[in-house]
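Undergrad: Can you build the whole structure from these sequences, using the hints too?
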Amino acid sequence: MSRRRRPRPLRARDQVFGRTAPGNGILHRTPAWAKVAVLAAVTVTVLILRSPTVSLGVVVAVLLLGAAAGVPPVKVLRLLRRIWLLLAAVLAAQLLFNDLAGAGEVLSRIIACLLGAQLLILTTRPHDLLGVFRTLVLPLRWVGLSPGRIALAGLVMLRAIPYLADLAHLAHRQTQARGLEHSIRARTVPLLTGSVDYARDTGRALAARGIDQVRR
Amino acid sequence: MTSSPLRRGAAQSAHRTVDIAMIGVFAALIAVLAFAPPIPVGSAGVPITLQTLGVALAGLTLGPWRGAAAAGLYLALGLLGLPIFSGFAGGLGVLAGPSAGYLLSFPLTALITGLIAWAVLRRAQPRWWVPLLFCAAAAGSILATHPLGILGMSFTLDVSLQEAFLMDIVFWPGDLAKSLAGAGAAALLHRTYPMLLARR
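Line order of the protein sequences matches chains V and W. Read in order, the letters of the first sequence are residues 1 to 216 in our numbering. Read in order, the letters of the second sequence are residues 1 to 200 in our numbering.
Keep in mind the hints are simulated off the structure, nothing from the lab. All C-beta atoms in this analysis are idealised placements derived from N, C-alpha and C, irrespective of residue type, glycine included. Be careful, since some hints might not be right.
Calculated Cβ distances over 10 Å to all of chain V for the following chain W residues [to be verified]:
| id | residue |
| --- | --- |
| 1 | L29 |
| 2 | A119 |
| 3 | L151 |
Okay, the calculated beta carbon distance ranges per label pair [said to hold, decoys possible]:
| id | chain 1 | residue 1 | chain 2 | residue 2 | range |
| --- | --- | --- | --- | --- | --- |
| 4 | W | A14 | V | R141 | 43 to 53 Å |
| 5 | W | W65 | V | H127 | 20 to 30 Å |
| 6 | W | R191 | V | V60 | 34 to 44 Å |
| 7 | V | R29 | W | S160 | 41 to 51 Å |
TA: Laid out in structure tokens, this is it:
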């Protein structure tokens with residue numbers, strides 16, 4: 001008799017929207033539209049000026065502002081660890097085609113813009129951002145699109161991401177079990193059929209309840 | 001069968017709601033494929049990311065308008081500040097990065113791919129679907145993703161167009177593999193759900 005196998009620990013689910021830093025600092029209480037507007041202004045400034053001093057200043061300001069609002073700098077900087085490969089590729093390309101000063105300028109600009117956005121992500125709930133989105137698409141009324149329906153599609157998307165992330169993980173495990181890890185198609189088909197099923201079910205459930213847009 | 005105006009209206013409304021849900025779910029699919037860690041492909045095991053596969057699938061599955069709407073929704077919400085780009089980045093800041101051009105091209109890619117896919121599904125025999133859908137996905141990628149991606153890189157990285165083109169070549173083999181896989185999956189899907197991209 002073989003001993004009962006020790007259960008393998010389940011891998012933690014991919015966290016997508018649980019990334020908000022907990023707290024009730026000044027940034028958490030600022031309305032989402034104000035943060036989006038400030039971030040847009042800062043990004044445009046950094047992109048136009050293209051000066052390493054300004055970019056590094058923005059990085060320092062973001063970290064200080066985050067610390068003042070109760071977001072530890074480690075949480076903001078964690079983004080850099082996730083995209084280090086991209087940054088390394090940028091650095092390599094710059095050293096190859098430009099010089100060291102150019103590399104510093106480009107890298108500081110990219111990091112400043114991404115960290116600023118990261119602070120917004122860490123202190124804003126996705127549903128508040130969707131409210132801003134619904135306001136921003138209001139002008140599309142004039143070309144015959146309904147802002148309420150666009151916002152509904154956005155809500156469906158928010159709800160679908162965790163479900164599809166689980167489905168993608170499951171599809172990955174299935175391809176491993178079949179020895180097809182190298183096949184993109186074997187990994188895509190279950191995800192694709194699952195998406196279509198999920199969309200049809202969601203659409204019919206919404207229709208049955210008479211919901212076809214998000215009203216204000 | 002007689003259909004009262006009320007019932008016909010209800011059916012139309014249900015179609016519209018399912019369309020809205022399709023757009024939302026396929027925007028989510030693009031996001032989920034963008035998160036997926038790079039996977040080794042082929043006997044050489046070259047790691048590639050699946051980000052552009054979601055865009056091709058949106059066009060191939062939903063057709064031009066709904067596909068472009070799904071890609072546009074993904075792009076708009078990502079730029080607004082949801083962490084749905086690869087590496088869980090998000091916000092207007094990505095426009096400073098090297099992938100700016102690629103991201104901005106997504107709605108156009110889905111539109112081109114969707115237009116060709118729609119024509120293929122209406123006109124061609126099912127046995128030609130896989131090669132023709134592959135052409136649709138490849139056309140979207142060649143006509144929209146890569147030109148705009150090269151422009152974006154030359155703008156954000158301060159390099160010339162030729163140098164950006166050289167950097168872009170790295171993505172070509174993976175792109176062809178993704179287009180092929182997407183075409184196979186989409187052809188299977190359209191055989192399973194013939195009404196998905198209704199052949200009117």
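Undergrad: Confirm or reject each hint.
TA: Hints, verified against the model:
1. L29: 5 Å, violated
2. A119: Given that every Cβ of chain V is farther than 10 Å from that of A119 of chain W, nearest at about 21 Å, it holds.
3. L151: 15 Å, holds
4. W:A14 x V:R141: 43 to 53 Å: Given a distance of about 23 Å, which is not inside 43 to 53 Å, the answer is violated.
5. W:W65 x V:H127: 20 to 30 Å: 27 Å, holds
6. W:R191 x V:V60: 34 to 44 Å: 57 Å, violated
7. V:R29 x W:S160: 41 to 51 Å: 47 Å, holds
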